[in-house]
Amino acid sequence: NAGVTQTPKFQVLKTGQSMTLQCAQDMNHNSMYWYRQDPGMGLRLIYYSASEGTTDKGEVPNGYNVSRLNKREFSLRLESAAPSQTSVYFCASSEALAGAQETQYFGPGTRLLVL
Amino acid sequence: AQRVTQPEKLLSVFKGAPVELKCNYSYSGSPELFWYVQYSRQRLQLLLRHISRESIKGFTADLNKGETSFHLKKPFAQEEDSAMYYCALTTLQTGANNLFFGTGTRLTVIP
Numbered sequence: 095n096a097g098v099t100q101t102p103k104f105q106v107l108k109t110g111q112s113m114t115l116q117c118a119q120d121m122n123h124n125s126m127y128w129y130r131q132d133p134g135m136g137l138r139l140i141y142y143s144a145s146e147g148t149t150d151k152g153e154v155p156n157g158y159n160v161s162r163l164n165k166r167e168f169s170l171r172l173e174s175a176a177p178s179q180t181s182v183y184f185c186a187s188s189e190a191l192a193g194a195q196e197t198q199y200f201g202p203g204t205r206l207l208v209l
Numbered sequence: 009a010q011r012v013t014q015p016e017k018l019l020s021v022f023k024g025a026p027v028e029l030k031c032n033y034s035y036s037g038s039p040e041l042f043w044y045v046q047y048s049r050q051r052l053q054l055l056l057r058h059i060s061r062e063s064i065k066g067f068t069a070d071l072n073k074g075e076t077s078f079h080l081k082k083p084f085a086q087e088e089d090s091a092m093y094y095c096a097l098t099t100l101q102t103g104a105n106n107l108f109f110g111t112g113t114r115l116t117v118i119p
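Heads up: the sequence lines are chains S and B, in that order. Its first residue numbered 95, the first sequence is counted upward by one per residue in the numbering used here. Its first residue numbered 9, the second sequence is counted upward by one per residue in the numbering used here.
One should not assume that every hint holds.
These stretches of chain B come out as covered by chain S in the derived footprint (C-beta under 8 Å, 3 or more residues) [claimed, not checked]:
hint, segment
1, 52 to 58
2, 110 to 116
Pairwise CB distance ranges, derived in the manner of DEER restraints [stated by the list, open to error]:
hint, chain 1, residue 1, chain 2, residue 2, range
3, S, P133, B, T76, 20 to 30 Å
4, S, Q111, B, P26, 25 to 35 Å
5, S, K108, B, G66, 41 to 51 Å
6, B, G24, S, P155, 37 to 47 Å
7, B, S20, S, M135, 16 to 26 Å
8, S, K165, B, I118, 20 to 30 Å
9, S, T180, B, M92, 14 to 24 Å
10, B, S36, S, K151, 18 to 28 Å
11, B, T68, S, G110, 33 to 43 Å
Hints in this document: simulated from the structure, not taken from any laboratory. Using N, Cα and C, we set each Cβ at its ideal position, and we do this for glycine too.
This is chain S alone, in the form it adopts within the complex (with noise of 0.2 Å):
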């Protein structure tokens, strides 16, 4: 099993391009996240889906959509980036067992810079 996948790797973008971020898991997780980490602030939490055909807002939102296209994927987009939303975006999933607390699993991350 590959896991978390996570494409691009790397990115650079001009300020107000838009991009999409993929995550794709194959573990039949049923909750999926996007993170965010800056230096010196640790991981954020962007949006989460709990399930297939549901997305939530976590931390730190603003400026960011995101699909849930099936079980497996589920994407990030930036309309319009901004030099502020340099940073490393991590995907991660979990089973999500109503009431249990449980590991997440991360992808290797995708570095984005905004010029």
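Given the coordinates of chain S, assemble chain B onto it according to the supplied hints.
Frame of chain S, contents of chain B only:
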């Protein structure tokens, strides 16, 4: 609101010395806490969960509700323990286990 604090950004210890990475939290509900680790050029991965009360790679962590702490400890540090360590707290919302991370501690074990 929930918050996880890791007071040390950097921690260096000699090989064979004990190591303790501090984590304090604030949360009004019943906390579930984790330690995640990121080794060089590897993905972020779970190290241990408090609910499992297990020891992984010689590390243990005890939840102290009185002190609202979940410190990670190992009696004898090894060079391969050098990594970035994140303490995290989860809340149950609509079935998803959203994680709130601390800012991380970079542990360096000196040979």
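Structure-based check of all given hints:
{"no.": "1", "hint": "52 to 58", "verdict": "holds (count 4)"}
{"no.": "2", "hint": "110 to 116", "verdict": "holds (count 3)"}
{"no.": "3", "hint": "S/P133 / B/T76: 20 to 30 Å", "verdict": "holds (26 Å)"}
{"no.": "4", "hint": "S/Q111 / B/P26: 25 to 35 Å", "verdict": "violated (50 Å)"}
{"no.": "5", "hint": "S/K108 / B/G66: 41 to 51 Å", "verdict": "holds (48 Å)"}
{"no.": "6", "hint": "B/G24 / S/P155: 37 to 47 Å", "verdict": "holds (46 Å)"}
{"no.": "7", "hint": "B/S20 / S/M135: 16 to 26 Å", "verdict": "holds (22 Å)"}
{"no.": "8", "hint": "S/K165 / B/I118: 20 to 30 Å", "verdict": "violated (46 Å)"}
{"no.": "9", "hint": "S/T180 / B/M92: 14 to 24 Å", "verdict": "holds (19 Å)"}
{"no.": "10", "hint": "B/S36 / S/K151: 18 to 28 Å", "verdict": "holds (20 Å)"}
{"no.": "11", "hint": "B/T68 / S/G110: 33 to 43 Å", "verdict": "violated (50 Å)"}
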